[in-house]
Amino acid sequence: MANASPATGNADFSWDRFDSESYFQHYYGDPHPDDDNVIRLAVAALGAAAKEGPLDIVDVGTGPNFIPLFAALPVADRVTVWEYARSNCDWLAAELEKPEMRPQWKHFWRVAREAYMSTPTPIDPIPPLRAKTTITQGSIYDLPARRWTAATMFFCAESITGRMDEFEQGCAAYARCVKPGGILAAAFLVRSGGYIVGDRPFPVLSLTPEAIEDVFSRHARDVVLQRIGIVEREIRSGYSGFVFLTGRAI
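Position 52, counted from 1, in the sequence shown is what our numbering calls 52; the numbers after and before it change by one each time, with no gaps.
No lab work stands behind these hints: they were computed from the structure.
Warning: the hint list may mix true and false statements.
Said to hold, decoys possible - Quick list of the computed label-pair ranges, beta carbon to beta carbon:
1. 30 <-> 128: 20 to 30 Å
2. 90 <-> 131: 34 to 44 Å
3. 100 <-> 208: 36 to 46 Å
C-beta atoms are modelled at their ideal positions from N, C-alpha and C, and glycine is treated no differently.
Based on the sequences and whatever the hints tell you, model everything.
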């Protein structure tokens, strides 16, 4: 495991050399029950928000991960992937063009469909996802303000820097990208060190649930945290459990 120095910033890492396939295989090659819980929590948050009106959803820092897209698809008019690493953008675009889903995606889509229960969902999510999704290469720090009606973010702001000030800056930009009153649904790693992808070290800021709640209390209202799978040891490199946060943009 690589430990990121607290002084190590986002710009110190080669994000365009991020090995997307290695990351996918390490973190999603063998689906974990906590991943299923993330989907169920995101579905609950987005499903409730959709009752208030159409959702234009952005997922921030998507990485090589269809989980947030599956959670958004049944209730989104549009989905924007906002991803910084060019390698991840290219990987996601290629995945959307494949004629057959990976077994892992089939598993996660089944979990999403079951979570949505009475909401109509397609058997094959890829064609509608392809039609609704726009992949945009962009930094969390450059998110436009007040553009979307809902935003998800799974393991991004704390996994791109070892500096607390940059984490806070990223969270503020994420919260501000949603129109006032819009839903925020995000998952954060807790008590984790750095992680290695394709022999390259990347940072994770070690956080407590209290620290995450404190940051969001300044940028959102109705903030609620749920603790999932938190243990004293790492489950996979850089991962010891997470908190799932919901709130409303202000």
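Hints, one by one, checked against the model:
no. : hint                    : verdict
1   : 30 <-> 128: 20 to 30 Å  : 27 Å, holds
2   : 90 <-> 131: 34 to 44 Å  : 20 Å, violated
3   : 100 <-> 208: 36 to 46 Å : 42 Å, holds
Of the hints listed earlier, the one the structure fails to meet is number 2.
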